[in-house]
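Q: Here the protein sequences come in this chain order: A and B.
For the first sequence, the numbering used here assigns the number 275 to the last residue and increments by one with no breaks.
For the second sequence, the numbering used here assigns the number 285 to the last residue and increments by one with no breaks.
By construction, these hints were calculated from the structure, which means they are not laboratory data.
C-beta: ideal position from N, C-alpha, C; glycine also.
Any given hint could be a false lead.
Stated by the list, open to error - Pair by pair, the computed Cβ-Cβ distance ranges are:
(1) A:ALA275 with B:GLU114: 40 to 50 Å
(2) A:SER22 with B:MET19: 21 to 31 Å
(3) A:GLY236 with B:MET19: 32 to 42 Å
To be verified - List of simulated lysine to aspartate or glutamate pairs, EDC-like, C-alpha gap at most 20 Å:
(4) A:LYS246 with A:GLU223
(5) A:LYS39 with B:ASP237
(6) A:LYS259 with B:ASP31
(7) B:LYS190 with A:ASP201
(8) A:LYS272 with B:ASP222
(9) A:LYS259 with B:ASP222
(10) A:LYS138 with B:ASP194
(11) A:LYS272 with B:ASP185
(12) A:LYS272 with B:ASP259
(13) A:LYS272 with B:ASP31
(14) A:LYS82 with B:ASP259
(15) A:LYS251 with B:ASP194
(16) A:LYS251 with B:ASP237
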Amino acid sequence: MSVVLEAKNIVRDYQLPGGLFSKGGVVHAVKGVSFSVEKGKTLAIVGESGCGKSTLARILTLIDPATSGDLFIKGKKVDITKGDLTKDLRREVQIVFQNPYGSLNPRQKIGDVLTAPLVIQGNVPADERRERAMMMLKKVGLGEEHYNRYPHMFSGGQRQRIAIARALMLNPSLLVLDEPVSALDLSVQAQVLNLLADLQDEFNLTYVFISHDLSVVRYIADEVMVMYFGEAVEYGTREAVFADPKHDYTKTLFAATPKADPASIRARLARKNAA
Amino acid sequence: MALLEIENLVVEFQTTTGMFRAVDGVSLKVDQREVLAIVGESGSGKSVSMLAVMGLLPWTAKVTADKMTFNGRDLLTLSDAERRKIVGKDIAMIFQEPIASLNPCYTVGFQIEEVLRFHLGLGRKERRARAIELLTAVGIPNPAERLDSFPHQMSGGQCQRVMIAMAIACNPKLLIADEPTTALDVTIQKQILDLLVKLQAEHGMGMIMITHNMGVVAETADRVVVQYKGRKMEEADVLSLFENPRSNYTKALLAALPDNATGDRLPTIADYFKDGSEIAGAAVS
Numbered sequence: 001m002s003v004v005l006e007a008k009n010i011v012r013d014y015q016l017p018g019g020l021f022s023k024g025g026v027v028h029a030v031k032g033v034s035f036s037v038e039k040g041k042t043l044a045i046v047g048e049s050g051c052g053k054s055t056l057a058r059i060l061t062l063i064d065p066a067t068s069g070d071l072f073i074k075g076k077k078v079d080i081t082k083g084d085l086t087k088d089l090r091r092e093v094q095i096v097f098q099n100p101y102g103s104l105n106p107r108q109k110i111g112d113v114l115t116a117p118l119v120i121q122g123n124v125p126a127d128e129r130r131e132r133a134m135m136m137l138k139k140v141g142l143g144e145e146h147y148n149r150y151p152h153m154f155s156g157g158q159r160q161r162i163a164i165a166r167a168l169m170l171n172p173s174l175l176v177l178d179e180p181v182s183a184l185d186l187s188v189q190a191q192v193l194n195l196l197a198d199l200q201d202e203f204n205l206t207y208v209f210i211s212h213d214l215s216v217v218r219y220i221a222d223e224v225m226v227m228y229f230g231e232a233v234e235y236g237t238r239e240a241v242f243a244d245p246k247h248d249y250t251k252t253l254f255a256a257t258p259k260a261d262p263a264s265i266r267a268r269l270a271r272k273n274a275a
Numbered sequence: 001m002a003l004l005e006i007e008n009l010v011v012e013f014q015t016t017t018g019m020f021r022a023v024d025g026v027s028l029k030v031d032q033r034e035v036l037a038i039v040g041e042s043g044s045g046k047s048v049s050m051l052a053v054m055g056l057l058p059w060t061a062k063v064t065a066d067k068m069t070f071n072g073r074d075l076l077t078l079s080d081a082e083r084r085k086i087v088g089k090d091i092a093m094i095f096q097e098p099i100a101s102l103n104p105c106y107t108v109g110f111q112i113e114e115v116l117r118f119h120l121g122l123g124r125k126e127r128r129a130r131a132i133e134l135l136t137a138v139g140i141p142n143p144a145e146r147l148d149s150f151p152h153q154m155s156g157g158q159c160q161r162v163m164i165a166m167a168i169a170c171n172p173k174l175l176i177a178d179e180p181t182t183a184l185d186v187t188i189q190k191q192i193l194d195l196l197v198k199l200q201a202e203h204g205m206g207m208i209m210i211t212h213n214m215g216v217v218a219e220t221a222d223r224v225v226v227q228y229k230g231r232k233m234e235e236a237d238v239l240s241l242f243e244n245p246r247s248n249y250t251k252a253l254l255a256a257l258p259d260n261a262t263g264d265r266l267p268t269i270a271d272y273f274k275d276g277s278e279i280a281g282a283a284v285s
């Protein structure tokens, strides 16, 4: 198994601007996180808002540089502040954002959304761009008739499919999914999760799946990392983390997740009647 | 006598292409001290039916029902002025986005005290004392100081607590919570749900919990109504709904929970209706 993504001691600080009366400060968003993901596997990153999981996503997708630490993609060290970000590298890593309503340009037709990455990469003639976009539309469960439509004509689940299609246009090896299903309804969520699983099998994709929903993580992840205030407090295989959570925060998280099985409902009703 | 009783509620919206029916013949009842959960996906009409009860729908909406009574009073024939005396006092509502539902220009203390002045006519000192009492009840530390905070100075969970404080300010008989925890983290969600259930038991309120999250239903409800495309699919007490769902739609919803995944693929709603049977035809009354 080859390791697609490896992070060693990633740190990201944000400088707060000082004003006339206030001194600037430093926010430590990510405080030394290390992990590695093998090809074709899914790493889930769990944590509440403000724990640094989206900051980490931006670093992994080469949007923001890390303050310190080393990032390896397919075994090659990458530092975007030193101009390592080539078009070839950009092709390797793609991202799907949380809100499918915000991540698509309302004035851009779906066809243009999907072909834009190919235009930027160059070397692909127009008819081939169109053909590849049509193929990708079918892959994600949409049709050729959607090519000339605008984003507002689609539902949330369909838009998320478009966002996934756009991310896959360049055949990346690593896909960072930043809360891809948390804005979707339960039944649509199931469809999108199925789609992601199918695509992973077909293209042998590696996923970094960011979520705060433990039931989704349990379903899709091979490995789980729990973040809390910028630190990775728990990191292990799915079985290990779910069977035997070590850190107090992970335990709190598990305890807070609503349980929808009849046994826990019965227990709750019994408690209520006793009170 | 039931606290809230709705029979055959229909809500239609005027659109450029004709009337759109958002709620199609929904009947439900809430008793005192009861927690009713209304579950459904977006577009199932669960929020719209409750907004109709509150009288908060825009003028393009046409509301008809065979019966809509609250505490023995007919809500359909109520004048606007009379309705305003009930809404916010005897029926209170909490909305999904806590930060968006507070006015950013006023302190939270002002907004809580406004409710007390309008509905109860309390004097300035009494209002202040009651507001502090309410913030203490919803678990906000340093309540006396926090009254002078603006919404942007508080976190999402704290804003939702302020919304709850405003809602229970006049000891309502019915509390409608419209997706109260959807915008919040799981750990905060747990705290808010526990708080709502505790307040509901303490004050003996009836509560309607609108949600799309089956976990929230399991953790709070006594009875559940499942809605789909404006129609009621199923009504059952919470235990039998999870143990023994009758309508195909409920079965599909439960199967789509990643918790219940048995194979590699999650079943979707479509898997349950492969034969093309009309989903509404599968409804159990």
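Q: CA of LYS259 (chain A) to CA of ASP222 (chain B), is that 20 Å or under?
A: holds, 15 Å
Q: When you take the CB atoms of GLY236 (chain A) and MET19 (chain B), is the distance between them in 32 to 42 Å?
A: violated, 56 Å
Q: Given a hint of 40 to 50 Å, does the C-beta separation of ALA275 (chain A) and GLU114 (chain B) actually sit inside it?
A: violated, 34 Å
Q: Honestly, do SER22 (chain A) and MET19 (chain B) meet the 21 to 31 Å range at C-beta?
A: Given about 56 Å between the Cβ atoms, the range is violated.
Q: Please work out if LYS39 (chain A) and ASP237 (chain B) have their alpha carbons no farther apart than 20 Å.
A: It is violated: about 47 Å lies between the C-alpha atoms, which goes past 20 Å.
Q: Straight-line Cα separation of LYS251 (chain A) and ASP194 (chain B) no greater than 20 Å?
A: holds, 18 Å
Q: Taking 20 Å as the top limit, are the C-alpha atoms of LYS138 (chain A) and ASP194 (chain B) close enough?
A: Violated - the C-alpha atoms of ASP194 (chain B) and LYS138 (chain A) are around 45 Å apart, more than 20 Å.
Q: Taken at face value, is the distance from the CA of ASP237 (chain B) to the CA of LYS251 (chain A) at most 20 Å?
A: violated, 30 Å
Q: Keeping to a limit of 20 Å between CA atoms, is the pair of LYS272 (chain A) and ASP31 (chain B) held or broken?
A: holds, 17 Å
Q: Given the proposed pairing of LYS272 (chain A) with ASP259 (chain B), does the C-alpha separation stay at or below 20 Å?
A: Judged against 20 Å, a Cα distance of about 25 Å means the pair is violated.
Q: CA of LYS82 (chain A) to CA of ASP259 (chain B), is that 20 Å or under?
A: Violated: LYS82 (chain A) and ASP259 (chain B) sit about 44 Å apart, past 20 Å.
Q: Are LYS259 (chain A) and ASP31 (chain B) close enough, with their CA atoms no more than 20 Å apart?
A: violated, 25 Å
Checked against the numbered hints given earlier, this structure breaks hints 1, 2, 3, 5, 6, 7, 10, 11, 12, 14 and 16; the rest are met.
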